[in-house]
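A.B. asks: If you're matching them up, the sequences are chains A and B in order.
Each residue of the first sequence is one higher than the one before, starting from 1 at the first, in our numbering.
Each residue of the second sequence is one higher than the one before, starting from 1 at the first, in our numbering.
None of the hints are false.
Listed next, the in silico EDC-like pairs over lysine to aspartate or glutamate satisfying Cα-Cα at most 20 angstroms (straight line): (1) K42(A) <-> E188(A); (2) K42(A) <-> E186(A); (3) K53(B) <-> D106(A); (4) K42(A) <-> D189(A); (5) K49(B) <-> D207(B); (6) K49(B) <-> D106(A).
Just so you know, these hints were derived from the structure itself, not from any lab.
Keep in mind the model is a prediction, meaning the values are calculated, not measured.
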Amino acid sequence: MIEILIGFIGASLWLYILLGGIDYGAGILELLPAGALREPRKQVINQAMGPVWEANHMWLILIVVILFMGFPGIFTTLMISLHLPMLALLLGIVIRGAAFTFRHYDAIQAPTSQRVYTLLFGASSLWTAFWLGIIAASLNRGTIDLETRSAWEAYILPWCGLYPVAVGLFIICIFVFLAAVYLIGETEDAALRQHFTRHAMLLNWCVVFSGGGVFLASLAERQSLASAFVRNPATLGVMVLASSLFAALWRFIRAGRIRLTRAVASGQVTLILLGWVLLYAPNAVLTRQKPLSFYDTASPPATLWQLVLALVIGSLFIFPSLIYLFRVFKMKP
Amino acid sequence: MMAARATMAFSLGFHIIFAAIGMTMPFFMSAAHYFFLRRGNAADLELTKLWMKGVAIFFAVGAVSGTVLSFELGLLWPRFMLHAGPIIGMPFSWEGTAFFLEAVAIGLFLYGWKRMHPWVHWATGLVVGISGFVSGIFVVAANGWMNAPSGFDWVNGAAQNVDPVKAMFNPAWAHQTLHMQLAALQSVGFAVGGIHAFLYLRGKAHDFHLHALKIAMTFGAAAALLQPLAGHIAGQHVARLQPAKLAAMEGHFETSTHAPLYIGGIPDVEMRQMKWGIPLPGMLSFIAHDDFNAEVTGLDRFPEKDWPPVLVCHIAFQIMVGIGFAMAFIGLLYFWFLRRGVFPPWFLGILVLFIPLGAVAVEAGWVVTEVGRQPWIMCGLMRTRDAVTPVPGMVYHFYLFLVLYLGLAAATVWLFARQVRAAQTRISLKFHD
Ligand code: HDD
Ligand code: HEM
Ligand code: HEM
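The following block holds chain A by itself, in its conformation from the complex:
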């Protein structure tokens, strides 16, 4: 049963990174200069994200709900130790959602107010993605301290440092990369397509470099993470596979094969996520004292059963309707 729930968390995380990632990435992309393409780019992003953005963010809420109902120990630890990054994340989520909606529904589409919305949307996308990275990094950094009495060690040190910052930047690069790849297929306009293609290729390099940055930062912090990563055959294998997909990615991008490009790009991101998870499964959070695993923190079985029931029945409704949603909007009429 716990495995089923871990599966649901994993699946939600995966979908959140891919779908939510595109969503964040699109916002960040709008911060980059585009000259005359600025306005058409905004239109494409509105078109592509409008119908799905609410759904894209439900994955995060799903994770939160599963954690607090099924694994309250993990949930409360994170909410206490990572209080500040969580707060920052929330701030970003609120502003981002509001800015995106306001931009679309403002009855008077004046250039100044539109520019303000776009700026807010972009900046909050960047900000939120960064803090997502900080939180992700803090999970396995082993600096969460359950016993200390010093406020600094309890609420600041768990997430403050070079490594979390590096992961934050890495996540940003991944999200923008995903968005650029995805948006190529969302427009018929040749100039825009080229714009997105150029960004996708550039950002691919950014992903590689910031990924390297994560390793360096982890070495600089004297964590065992980097060496553990290389020593573990599973994670190493996953990484080699991810890198070997580069060749394919570049070929497909150049050839304008949209679906294949998307598949490979999301495959790469999936592999990165997989490597990160494999590294310290089945623990969910590493702390200074003991690792918190899903198994030790699970709720009583009666609760887990109800949770699984809700998720399975929910999926029966949600997945068909999601597929319908994507079909209605992603098929060219």
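Chain A is fixed; fit chain B with the ligands onto it per the hints.
C.D. replies: Relative to the frame of chain A, chain B with the ligands by itself:
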């Protein structure tokens, strides 16, 4: 702790308004859409789209503020959630499911014009309303559990023998959800009706706004007429489940038979008596226990450290009930004028005055439920101060949210006003008569 409380109260108070709109407005929209599909006239289509924009704006803000809440439960009350999560997570997981459907359906509805069969498209709009409504029921059931904890045994400060199903269908869930859903319908119905009454009085497209007013007010007035009954049922349950809350709501200090109900009045906690209220002898006994001579437990039966803030509860309760009866009366008048077929301008003027009152009553009602439960977070079992987060500096957390939400509320109102103004010009041009 006060900062954490204030943050929670503020976030919820903000969210609940948007939630109420999000779960009822889609029904109005679907009704207008239905008329359009049936009769095919342009005014109904315009109205559907107008309300659709309202739904979209309020849904988005409701959704982000709800996301904040789901984190805040942990950020502010980690020690409560540690125990409560496994017990009461169930309605939240169903709520999450319902929201997910709602989010998908709203995507389909907002952007699905001309892409789907018209009736399928109509159905997605209805699904938005239904799933929003259902999720509202779930979340209020979760709140009911805080008032009437059940579905577990409390052994040495920890929960055992957890039964999530029993926790969800706790003794308070039914009356609270009934009352809340009616409250949402009536407050949003009156607000929307009031806005169209205003536009009717000001604008040129009289038929258009009258039609809109009728759709919204029919929902609102029907709910308003049922509400005193639902409130009475709620009161009876509270008398049984949380006598201290009832006593605080009524400023009832001494246990007595043939207990009076006070209209207005200020409870004086020092002197333990009501000042300036108009007593209706025996009414409280009747309301709480259906018997004019029944004994009603007063605050004297509880140690003073377990008293909720009496003054706040009493005032909030009076506000809610006062508005409730006023709205029921207006609802009656509405149906009367509806049958006569004409609405006199003074009546429309009154409707305009009622735009904010539903929201005021909703907030007052939540204050009654929440403040009346103090000092408990889980009634009778866990005190609020034992639940609060150990994180220092919560005041800043509060200020941050205060600024954020005030800004967001101001921006939403501003945006909404722009929408209404633009619509007003457009509609006046198109449908003037
Ligand atoms: C005004 C709107 C309002 C709404 C919609 C709610 N509450 Fe509430 N809540 C308050 C208003 C409030 C309050 C009256 O403002 C409290 C009580 C005392 C305080 O300082 O804040 C509060 C406190 C409060 C606390 C902190 C502990 C406490 O002081 O009791 C929790 C955990 C909740 N509430 C939970 C909920 C849940 C789960 C709700 C919905 C399902 C809910 N509240 C609806
Ligand atoms: C502790 C209390 C609450 C929590 C944790 C909570 C959680 C949430 C979450 C996560 C969302 C966003 C879902 C999305 O993205 O679509 C949301 C929206 C919503 N909430 Fe709440 N909520 C709470 C209180 C309430 C209350 C008291 C009501 C109403 C009675 C309510 C009704 C709704 C509705 C109808 C929506 C859908 C958004 C809309 O239509 O505007 N919620 N809530
Ligand atoms: C007309 C007479 C009314 C009576 C007698 C009444 C009675 C009550 C009582 C006894 C409670 C406390 C329930 C509890 O703590 O479990 C309550 C709560 C509440 N009331 Fe009312 N009420 C009335 C009208 C209204 C109106 C008109 C609204 C809003 C439009 C409203 C909104 C609420 C809300 C939001 C709550 C808290 C949520 C809940 O407990 O479900 N009430 N009411």
